[in-house]
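Participant: Now for the letters of each chain:
There are 2 protein chains.
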Amino acid sequence: MKSRIILDEDEIPKQWYNIQADMPNLPKPPINPATMKPVGPDDLKPIFADELIRQEMSTKKYIDIPDEVREILTQYRPSPLYRAKRLEEKLKTTAKIYFKYEGLSPPGSHKANTAIAQVYYNAKQGIERIATETGAGQWGSSLAYATQIFGLECMVYMVRGSYDQKPYRKIMMETWGAQCYPSPTDMTDAGRAVLKKNPDTAGSLGIAISEAVEDAAKHENTNYALGSVLNHVCLHQTVIGQETQKQLEIAEEKADVVIACAGGGSNFAGIAFPFIRDQISGKDRDTEIVAVEPSACPTLTKGLYAYDFGDVAGLTPIMMMYTLGHAFIPPAIHSGGLRYHGMAPLVSKLHADGYINAVSYHQNEVFESAVMFAGCEGIIPAPESAHAIKAAVDKALECRKTGEEKTIVFNLSGHGHFDLSSYQAFLSGKLQDYEYPADLIRESLADLPKVEV
Amino acid sequence: MKSRIILDEDEIPKQWYNIQADMPNLPKPPINPATMKPVGPDDLKPIFADELIRQEMSTKKYIDIPDEVREILTQYRPSPLYRAKRLEEKLKTTAKIYFKYEGLSPPGSHKANTAIAQVYYNAKQGIERIATETGAGQWGSSLAYATQIFGLECMVYMVRGSYDQKPYRKIMMETWGAQCYPSPTDMTDAGRAVLKKNPDTAGSLGIAISEAVEDAAKHENTNYALGSVLNHVCLHQTVIGQETQKQLEIAEEKADVVIACAGGGSNFAGIAFPFIRDQISGKDRDTEIVAVEPSACPTLTKGLYAYDFGDVAGLTPIMMMYTLGHAFIPPAIHSGGLRYHGMAPLVSKLHADGYINAVSYHQNEVFESAVMFAGCEGIIPAPESAHAIKAAVDKALECRKTGEEKTIVFNLSGHGHFDLSSYQAFLSGKLQDYEYPADLIRESLADLPKVEV
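Protein sequences appear in the order of chains C and W.
At position 290 of the first sequence (counting the first as 1) the number is 290 in full-length UniProt numbering, and the numbers step up by one without a gap.
At position 311 of the second sequence (counting the first as 1) the number is 311 in full-length UniProt numbering, and the numbers step up by one without a gap.
Be aware that one or more of the hints could be misleading.
The list cannot tell twin chains apart, which means a pair is met if one copy fits it or any two copies do.
Unchecked claim - Calculated pairs, DSSO-like style, for lysine-lysine (alpha carbon to alpha carbon, straight line, at most 30 Å):
hint, residue 1, residue 2
1, K218, K406
2, K60, K166
3, K166, K197
4, K85, K124
5, K92, K124
6, K90, K14
7, K430, K60
8, K2, K197
9, K406, K37
10, K196, K14
11, K90, K124
12, K2, K124
13, K2, K218
14, K85, K254
15, K14, K246
16, K254, K450
17, K450, K302
18, K401, K61
Don't read these hints as lab results, they were simulated from the structure.
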């Protein structure tokens, strides 16, 4: 029985899996807020590479991964699948626990998988510069890493609160040649407007998105890139689930439960979609798919399935998704990557159609599981990824009660090397749990855009 | 041609390689400063586990790695050997560059290799607590990781300067259940004595060693552990070189140059000793072995081969080694792990006997190579490990001139996730190079202990 199931670099998947080909019902189309008509390819051309737009709208089941992309992926893929034997022993569970580890990528999470692909297509099209926003810093780091490799310039608008809190993330991006500024900046109309009203603001992801989109629209040969939510981002992450299935085959295991945390939905989609494919096709109907979110930002568990904007300012297309309302600003929990009011439209539709169970946890119980996991398996997880650990631990404890011998698989989407101040807050008892902010959410949900399709 | 050569977990070496069995001349024995006689096993028993003392003095060529140790090693071993293709292209070199990457261990460096083994033998002997010192924090983190796995308590005296500079390292150790205090503390005689004289001292490795040794001697069931210099530490690191040789075989390559940075000497020993074995046996006389050190602390390149203390206070055994004098305090360069006045006695003897070439570099040129490497290969290296990169780059540029097609292999001993403030200093032009501190070294070398053997 092996602790770590590894694949050879030849076994990096040769194609991405596009779940749009298999879904019994596709989500309703995104809407252009200017025309209130469904978004077409031409609406996206000013800021996205053509091939990414094609992938966004494609219903082809498998899409070839270019050799150039696979070659860069070999810097850290295939990623290992681990058996968490010490954790099993600690929990005295009858279950088996496996985890797929995405934290070995140079920027430290799964985000690199899509950054490489997105930058490749932009480079191929002659784009010389990419602008983006970053909250926690994982996505900005990943884009910096990928642009450096392909020789593009990179401009990152980092939410000022995070920028001040996580100086190492900024230096990491600069080491990879990117420029990183605290948002709001005085370099965009959007930023200046906010600064005029509130010079001391800590910023928000919504503002940073507006700045990056404006930057891309206004600069020569510059595109925009997004690290989650969109269909093509979920697509690029399916290397995770495809590798996991191959590794489970080698281990002669069948997954009974597949778990991942869900913020915008991309690491969840990455591991889950290939398993949902097998559910839909009838190859394996019994795998339970679980999305885990913070109680302080319970998009799938307490949100509405409705049309809403992707950003606070209402500049992005209006998407059909689970949402807490685009005006909802989640409490300042330590999982920055899970503080998003919406959810990937594909993940949302699959949840609405009953393919996904969603659960939520408070941050103290999540950190408790994270510290226990670090003690058993060595790896200190990102707070986001620790949500998946907590759900896996709970499933394993259920099995201990029932005596079931389930195989539980979760996605450990990143390491926590840059999140240690959160661990300090937890270890010193200073981490606060937030009750479900029902009032705030009710208020925010009252303000959804009206769409008739 | 593969980018990443991986081994299966069954291929973790089953034995450590003990170079003491093969050396034409062994180093002169360490001397007990109390008796001025060679150190015997009984001198070490109060603070080291029996099996580690046996390994320290053994001349058996191969020593079995216990299954329990190999099982923990599977959490991150075998480590990958990478071909640095993008770096080669960048340098337009005719050489091939490979690197062995030890930064995937949970604490982030090769130090975990010996921490696991040391804690295992201590646990087996019923020891319940281990005390140690740490400078940069890599060793303290590794011991915290290993003690947590085996259920021992861990006490780390961290040099106060580092403690204040790298708060994340301390939190990492605490997450793994260790206690970590800034040294000097008021918990030991040694610490109190220093604080009385100088309450605001930033501490030093020498003081921290004294505190940890005193702690181990005074506490019930507590031993001491050291992360470099000693024979058994070098022994445990030989998994690195053994794996590398197997991986080169798979790649159908023969190493012409093997490079590692050298502070206390353990990561260098780890990759180099199996290659030196083949030099000594005549199997392969042509491999050049290169140790790289900072110009600010040039132990092998400017030091004396002489008997000296391992610590500043003169409490440790007196060892025959290259030394800058135990009173030498190196300038505050950003490679904390290379700021040591001495060098492992085995590495020293091999250098004295002509098996090793030593070179030194200033820190700005080292960081230049580190940033170039990060841009090509993704990984942001620890400043210590970046010394090896700089030497590899220079070798590759030599080949570009001569047209030679050498195969260059270096050990990338750790990642730089907790060293990003050094990168910031470099990127902002604030990093200072120190001239070879000839006066300081001359002064310090005037104060060596007198030993007659």
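Participant: The structure should be examined with respect to each hint, and the outcome stated for every one.
Facilitator: So, going through the hints one by one against the coordinates:
1. K218 to K406: Answer is neither: 53 Å inside a copy and 49 Å across each miss the 30 Å cutoff.
2. K60 to K166: Classified as neither; 40 Å inside a copy, 49 Å across copies.
3. K166 to K197: For K166 and K197, the Cα distance is within 30 Å only inside one copy (25 Å; across copies 37 Å).
4. K85 to K124: Answer is between; shortest inter-copy Cα gap is 21 Å, intra-copy 44 Å.
5. K92 to K124: between (52 Å within a copy, 23 Å between copies)
6. K90 to K14: between (38 Å within a copy, 27 Å between copies)
7. K430 to K60: Classified as neither; 49 Å inside a copy, 53 Å across copies.
8. K2 to K197: neither (58 Å within a copy, 55 Å between copies)
9. K406 to K37: neither (47 Å within a copy, 62 Å between copies)
10. K196 to K14: neither (50 Å within a copy, 66 Å between copies)
11. K90 to K124: So K90 and K124 pass the 30 Å test across copies only (20 Å; inside, 50 Å).
12. K2 to K124: between (41 Å within a copy, 24 Å between copies)
13. K2 to K218: Neither way: K2 and K218 sit 53 Å apart in one copy and 41 Å across, limit 30 Å.
14. K85 to K254: Answer is within: at 17 Å inside a copy they meet the 30 Å cutoff, but 38 Å across does not.
15. K14 to K246: Cα proximity of K14 and K246: in one copy and across copies (13 Å, 28 Å).
16. K254 to K450: Neither: 44 Å inside a copy, 68 Å across copies.
17. K450 to K302: Cα proximity of K450 and K302: one copy only (20 Å, versus 76 Å across).
18. K401 to K61: Answer is neither: 41 Å inside a copy and 51 Å across each miss the 30 Å cutoff.
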